[in-house]
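Top to bottom, those sequences are chains L and Y. Residue 271 in the working numbering is what sits at position 271 of the first sequence, and the numbering runs on without skipping anything. When you read off a place in the second sequence, starting at 1, and then add 1000, the result is the number in the working numbering.
Be careful, since some hints might not be right.
[Unchecked claim] Simulated crosslink set (SDA-like; lysine to any residue; CA at most 25 Å straight-line):
1) L:K66 with Y:K1083
2) Y:K1083 with L:G89
3) Y:K1078 with L:P69
4) Y:K1103 with L:G286
5) Y:K1103 with L:S285
6) Y:K1078 with L:L102
7) L:K464 with L:G318
8) Y:K1078 with L:G89
9) L:K149 with L:I178
10) L:K429 with Y:A1189
11) L:K149 with L:E172
12) Y:K1078 with L:P105
[To be verified] Far from chain Y, some chain L residues (derived; all Cβ distances over 12 Å):
13) G111
14) G286
15) L428
The hints are simulated quantities; they were obtained by calculation from the structure and are not laboratory data. Values in this document were obtained by computation on a predicted structure and should not be read as measured data. For every residue, glycine included, the Cβ atom is placed at its ideal position computed from N, Cα and C.
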Amino acid sequence: MISQRSPAPLLLFALLLPVLLGAQAEAPPRPSSVTLEGQEIAAQVVVGPAGPLVALAPVAEALGAKLVPGEGGSYQLQVGEAQVVLAAGSPVVTVGSDIVSLSQPVTPGPGGILVPVDLLRKTFGDLSGYTFDWLPEQSRLAISRRQAKQVPVFIDVVHLQGTTTVVLQFPEAPRYKIDQQPGRIEVRMLGDRLAPSLPPRIEDPLVEGVDATPDRVALRLLRGATAESYTLENPFRIVFDVHRPGQTTAPIAGAPTPGVDRPGIRTIVIDPGHGGVETGAIGPSGVREKDLTLLLAQALASRLAERLGVRTLLTRSGDAVLGLDARAAIANQNKADLFVSIHLNSSLGAGAHGAETYFLANRATDPRAASAAEAENATPGGLATDADPAALQDLQLMLWDLAQSRYLAQSQQLANLIQGELNQALELKDRGVKQAPFRVLMGAAMPAVLVELGFISNPDEEKKLQEAPYRARLVESLIAAITRYKEQVEGRPETPAASAPAAGAPALQTVPPAAGSPPAAGAPPAAAPAPQAPGKPGR
Amino acid sequence: MNRTAVKVILAAVALVLVGGIAWLVATRGTRGGLGGVIEQLTGAPAGTEKVMVLLYFAGPGGYLVPERRELNVTADPKDRIRKIVGAVLDGPRQRDLGRSFPKGVELGSVLLAANGTVYVDLRSETMTEPPSAGSLEEMQRVFSVVDSITGNVEQAQRVALLWNGIQRESFGGHLDASRPFVADRSLIAQ
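Isolated chain Y, as found in the complex:
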């Protein structure tokens, strides 16, 4: 095979590759078999984008400590809220931080009202009531969710927490849970 033939073959292969990539980018967002390829190209599943969020977990001395996390989210703020709360419930990756909720607590429904109030229903099959705790532990628990949502979702102004689908008098024996919580940044370690 002479050198010209090799050049022609290489040019053809390059053309096919460039054309293929162009076609894939042009059809970005298409679900199905292409999804995995697109995910490799963009780093996020089709129809989603990767965003960096700060999640808050209990740290030493009673503070909330931020943990940076990359999440795949859609444009729907409710999806972003679901992913954030899900990640908070899954627990921190840093070893010196603590879980906000015991294992087994799961996310139920999420509602984002037009006035910016987010309703988050947390569910547990084993605990009929929210975990009983000291006041700081309760505040760490509540504001790990509230601050993680309000700090990362522009539309979320305040957060109402429900337990097993029902609004509770408090969320552990201290804080008034009958009204939505606004963010409390004072718990976050500086």
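Bound-form chain L, shown alone:
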């Protein structure tokens, strides 16, 4: 007799079998760990969906640093020369004077704060030469010392117009820090080893000598000399401009002295502002800044080439997104002699109209930076060794990495000419020549201006800007100004008051800098007409 038993239990068992087998086959979760050169560190690791978070205090201690609680729930960590400030819950930290965005916020844990691995890389990695590799299959964070690599460096020293320029050129940006002592500057490698070229033989009124070892390059300054440093890209260079305080270091506006390798204006890069999804301002009727700047820039480039016989290049020839740094890099790579960025303006409030021309303002204009500048100028050798730490920190901010800083006088001269021509040729409100910390100008290693050719947010100016004849007049004004600048630079016979606005143009408004904004090192000399304070609207 055949039993009539139900097949349901068997079916259920068959369905569950793979699950049961899978559960048996799955290994128990491996505990996460941290190792330094293969030796385990007792540091908690929490692996979340956005990646691992690591207890900072034990890792810092193992790497020779100490995490110190600060005010208001913040923490401080000293890594090399840099102070790192972080706070639980915050996705940003400060490393020295830099802001660093993290992949995950700093998170409180039972044994102290937990941080993402990218924080470790940006601090101990960049500053102390450690590598941090997260190995997900082992659930392990492996820390090791980076293998030092050989970094070639080429050293060049040029003296021109009272300034000695020392250039350290590298095939790629090394990890380094700059130490300043009275009469001496050292560029120290962080982890890497230098393979220096033979330092040049120096007979210089400001620099006694330059010598290099695998660990550092040292500049010995003669008594009374001070130095400002900045970096240039493509290729990476660390540049020191050495001068004596009180000496004129930049050519006087109106009597520019062309650089040794730049006897005239041969190449001009025109930059149509914005592009792609970055539309710029949009007018009341929907006209987009990026479209009009491209039309204006194309017309300017072609007519400049025809009239002046110069090579003109556009940073973009179509409707494409282009980073601000990339625009200046195009000018640098093409050894441009001028950089003109074309923009149209907008305002949140009603009633703004007119044209204005900008050249770069440096950022170290707050009172503490000013006191740091005073300390720098008051100390023999130009080094604020006795200044308080806050002033020293601001002094570091002052040594900004702006390629544009040495061309401010020429940039201002070009801005004056452009604004003068616009005032003369067009019935636009004169909003004046101004300074602002515009990113697109910072990296340009040549005279550079940003021109705002009217307010697209103003219905009347928006309408005019859509008319081709009006745009042609704007372009003609720019050509006239650039032509005059070229003549001044190349030393051709010039009309009287060459550096002043065009004849008949209203005089540029001359006002002192804004309160608390003293001119800092690298600013145009007092002989040049003072610009309006940063961003000051015209009246």
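Put chain Y on the given structure of chain L with help from the hints.
This is chain Y only, laid out in the frame that chain L set:
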């Protein structure tokens, strides 16, 4: 009821009122049910104080125009910064002034570093990047926040602006936002 009895009752009521007020003042700062009473007495919620601040908004002709505002803040400067930025994002009360940021932009985290740098994270669900704009509009936007903070919070020396938690190349296509901004009073209408 004779006049003496009325006087006694009035004196008792006065005594109870004075005693009650004295007790409330003595227990000022206590949270809970008394908070509302204390707020009525002092004009500010428990643990806070009313301060007058100047907030900056875009006005006619491209200037920033100050608007006086009373805020309830705690002694923590970070709280003051949060309230100030929140009020700037909420927009002006004067009709002739304009909003600095479009509606929907919200305040994320705020960090006040020991060196006086304030980190302000502005967030928007609809805009992945800061609003693209002309240079004056961008400066009005940035310095409405920067000047409002640095003008009202003594500890704030400079302000770094982040958008959706990330440091940006610029804050609208012009200004360098990789470093903190210092106050720029030149935009403010005189």
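Query raised in the report: Taken at face value, is the distance from the CA of G318 (chain L) to the CA of K464 (chain L) at most 25 Å?
Result: Between K464 (chain L) and G318 (chain L) the Cα gap is close to 23 Å, so the pair holds against 25 Å.
Query raised in the report: Going by Cβ atoms, does L428 (chain L) stay more than 12 Å from chain Y at every point?
Result: Consistent with the label, L428 (chain L) stays out of reach of chain Y, its closest Cβ about 14 Å off (over 12 Å).
Query raised in the report: Regarding the assertion that G286 (chain L) does not contact chain Y, is the least Cβ-Cβ distance greater than 12 Å?
Result: Nearest chain Y Cβ is 14 Å from G286 (chain L), so the label holds.
Report task. For the pair we were handed, K1103 (chain Y) and S285 (chain L), check the Cα-Cα distance against 25 Å. Result -> 21 Å, holds
Query - Restraint status (C-alpha distance of K149 (chain L) to I178 (chain L) at most 25 Å) - result: With Cα atoms ~19 Å apart, K149 (chain L) and I178 (chain L) stay inside 25 Å; holds.
Query raised in the report: Would the pair K1078 (chain Y) and L102 (chain L) pass a check requiring their Cα atoms to be no farther apart than 25 Å?
Result: 21 Å, holds
Query raised in the report: Does P69 (chain L) lie within 25 Å of K1078 (chain Y) when you go C-alpha to C-alpha?
Result: 17 Å, holds
Query raised in the report: Would the pair K1078 (chain Y) and P105 (chain L) pass a check requiring their Cα atoms to be no farther apart than 25 Å?
Result: Cα-Cα ~18 Å, so holds.
Requested in this report: Verify that the Cβ of G111 (chain L) lies farther than 12 Å from every Cβ atom of chain Y, and report whether the claim holds or is violated.
Outcome: 23 Å, holds
Report task. Could you grab the alpha-carbon distance between K1078 (chain Y) and G89 (chain L) and see if it respects the 25 Å cut-off? Result -> 14 Å, holds
Query - Proposed proximity, G89 (chain L) with K1083 (chain Y) (alpha carbon, max 25 Å) - result: 19 Å, holds
Report task. Compare the distance between the alpha carbons of K66 (chain L) and K1083 (chain Y) with 25 Å, and conclude whether the hinted pair is satisfied. Result -> 34 Å, violated
The structure fails to meet hint 1 from the earlier list, while all remaining hints are met.
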